[in-house]
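Protein chains: 2
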Amino acid sequence: MKLVLVYSGGLDSTVLLHHLLAEGHEIHCLGIDYGQRHRRELVSGQAICERLGVEYRVVDLTAIRPLLKGSSLTDSVSLPEGAYNIENMKSTVVPNRNMILLSLAIAWAASLRADAVAYAAHAGDHPLYPDCRPEFAQAMDRAAALCDWNPVRLLRPFIDMGKRDIVRRGAELGVPFELTWSCYQGGQRHCGRCGTCRERRDAFARAGISDPTEYQSPD
Amino acid sequence: MKLVLVYSGGLDSTVLLHHLLAEGHEIHCLGIDYGQRHRRELVSGQAICERLGVEYRVVDLTAIRPLLKGSSLTDSVSLPEGAYNIENMKSTVVPNRNMILLSLAIAWAASLRADAVAYAAHAGDHPLYPDCRPEFAQAMDRAAALCDWNPVRLLRPFIDMGKRDIVRRGAELGVPFELTWSCYQGGQRHCGRCGTCRERRDAFARAGISDPTEYQSPD
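Protein chains in written order, with my numbering: chain A, 1023 to 1241; chain B, 1023 to 1241.
Just so you know, the hints here were simulated from the structure itself, not pulled from any lab data.
Warning: the hint list may mix true and false statements.
Identical copies look the same in the list; a pair holds intra-copy or inter-copy alike.
As the list claims (entries may be wrong) - Dumping the calculated SDA-like pairs for lysine to any residue here, alpha-carbon to alpha-carbon at most 20 Å:
#1 K1091 with N1172
#2 K1091 with D1137
#3 K1091 with Q1207
#4 K1091 with P1173
#5 K1024 with P1088
#6 K1091 with A1138
#7 K1091 with P1198
#8 K1091 with R1079
#9 K1024 with R1135
#10 K1091 with L1134
#11 K1091 with E1048
#12 K1091 with G1146
#13 K1024 with K1091
#14 K1091 with V1080
#15 K1091 with E1077
#16 K1091 with S1133
#17 K1091 with W1171
#18 K1091 with H1050
Just chain A, same shape as in the assembly (with noise of 0.2 Å):
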């Protein structure tokens, strides 16, 4: 198939293009530089699909940061440390983000053409994101079909795999874990303690792969 990939450069989108690679498809990669104050993360996205000879489009949406007041990711807000967890994270959520990355994704999607949209929502997504919802999905999949003659289909191939399984399944396709970016500090190294960072850290713990990331916080 010919698919638009949403691509972050992160540890869940890049095994998500190394496993669609795997399987024979066609892959276009969207970044989406929203202003994020991780935005080292398409810097690594780039580097990442330069090696893979795949395409990589960044659009600038900063434009629209605007419109996205409150969030500590993209405003002056400062970011919470610690595990995640409903009150400390709540500020992380940007308004309507993925239905934003998604209808330009899907829009791409249409004039390429292309059969379906990827991204790497996987089971492990935290609760207090509301467009993680599982009926958030299904709604923009049933809007996907609808807005253009050729229907888009919305995959999400890691729906049912948690962040451990996405490690195990990128090491034995030796993707390059090194060069993935997970950190919302967006410093020169993952600071490794954000909620991210946790998350990262505790994948690898959980599936015995050995961690190749550089932490500022050495535990």
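Starting from the known structure of chain A, fit chain B onto it as the hints suggest.
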């Protein structure tokens, strides 16, 4: 209610703006510059909102043009003249335009804690635009209700009205029709020949309302 209105500066959305203000709602207007040939409409929108003292925020989405290949509204493909019909106007379809516009309006509504997004879909919307189908609107309604913890409603107050009825409603409300912009060509005056100009003229004629538009081509 507090509402975000998808607002182009065109005839339909300008009548809707006046209609919603007359109903007593607080309105925040969103215009999108997606590189449309007729971005002249955004200037009209600005002038009308200033006159009404309503916020009009235009977001520059021209960065997404590389994703939207093949539409005569955004590309260098020449624009068809003459009446709307499938063969003639297929080139004016912008891939997934409505989902993109709605996703941004919904994001802004969620940020503002607004109740709903309104847009000027109407009974005369052309069946050649797949994302004007009612099933598509229903899927988007559902997605909007789920994308945030505070559900956002989608309102289409004119969905049962044709363009003739919209002109009549506008006349009742004292809408300054001469400030609105419809023409897809985006010149200094309405061309009078493209599909939207023909529809505009026809709507005034059928409504029995004098048309204040200066057309380049008098008939």
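Hint check:
For the identical chains of this complex, K1091 and N1172 are inter-copy neighbours only, at 15 Å across copies versus 35 Å inside a copy, given an alpha-carbon limit of 20 Å. For a Cα distance limit of 20 Å, the shortest separation of K1091 from D1137 across copies, 16 Å, qualifies, whereas the shortest one inside one copy, 34 Å, does not. For the identical chains of this complex, K1091 and Q1207 are intra-copy neighbours only, at 18 Å inside a copy versus 35 Å across copies, given an alpha-carbon limit of 20 Å. Taking the shortest alpha-carbon separations for K1091 and P1173, only the inter-copy value of 17 Å comes in at or below 20 Å, while the best intra-copy value is 33 Å.
In this assembly of identical chains, K1024 and P1088 lie within 20 Å of each other by CA distance solely across copies; the values are 18 Å between and 34 Å within a copy. Taking the shortest Cα distances, K1091 and A1138 sit within 20 Å of each other only across copies (17 Å), while inside one copy they are farther apart (31 Å). When the C-alpha separation of K1091 and P1198 is checked against a cutoff of 20 Å, the pair qualifies neither within a copy, at 35 Å, nor between copies, at 33 Å. Taking CA atoms no more than 20 Å apart as the test, K1091 paired with R1079 passes between copies only; the shortest distance there is 14 Å, against 26 Å inside one copy.
Taking the closest pair of Cα atoms, K1024 and R1135 come within 20 Å of each other only inside a single copy of the chain (8 Å); across copies the shortest separation is 38 Å, beyond that limit. Taking identical chains as interchangeable, the C-alpha atoms of K1091 and L1134 lie at most 20 Å apart only when they sit on different chains, with a minimum of 8 Å there against 33 Å within one chain. In this assembly of identical chains, K1091 and E1048 lie within 20 Å of each other by CA distance solely across copies; the values are 19 Å between and 36 Å within a copy. Neither within a single protomer nor between protomers do K1091 and G1146 lie at most 20 Å apart by alpha-carbon distance, with minima of 26 Å and 36 Å respectively.
In the homo-oligomer, the alpha carbons of K1024 and K1091 lie at most 20 Å apart only across protomers (17 Å), although the nearest pairing inside one protomer, at 35 Å, exceeds that limit. With identical chains, the CA atoms of K1091 and V1080 are at most 20 Å apart between copies only, with a shortest distance of 16 Å across copies and 22 Å within one. In this homomeric assembly, K1091 and E1077 come within 20 Å of each other (Cα to Cα) only across copies, at 16 Å, whereas the closest approach inside a single copy is 31 Å. For the homomeric pair K1091 and S1133, the shortest alpha-carbon distance between copies (6 Å) is at most 20 Å, but the shortest distance inside one copy (31 Å) is not.
In this homomeric assembly, K1091 and W1171 come within 20 Å of each other (Cα to Cα) only across copies, at 16 Å, whereas the closest approach inside a single copy is 35 Å. Within a single copy, K1091 and H1050 get their C-alpha atoms only as close as 30 Å, which misses the 20 Å cut-off; across copies the closest is 15 Å, which meets it.
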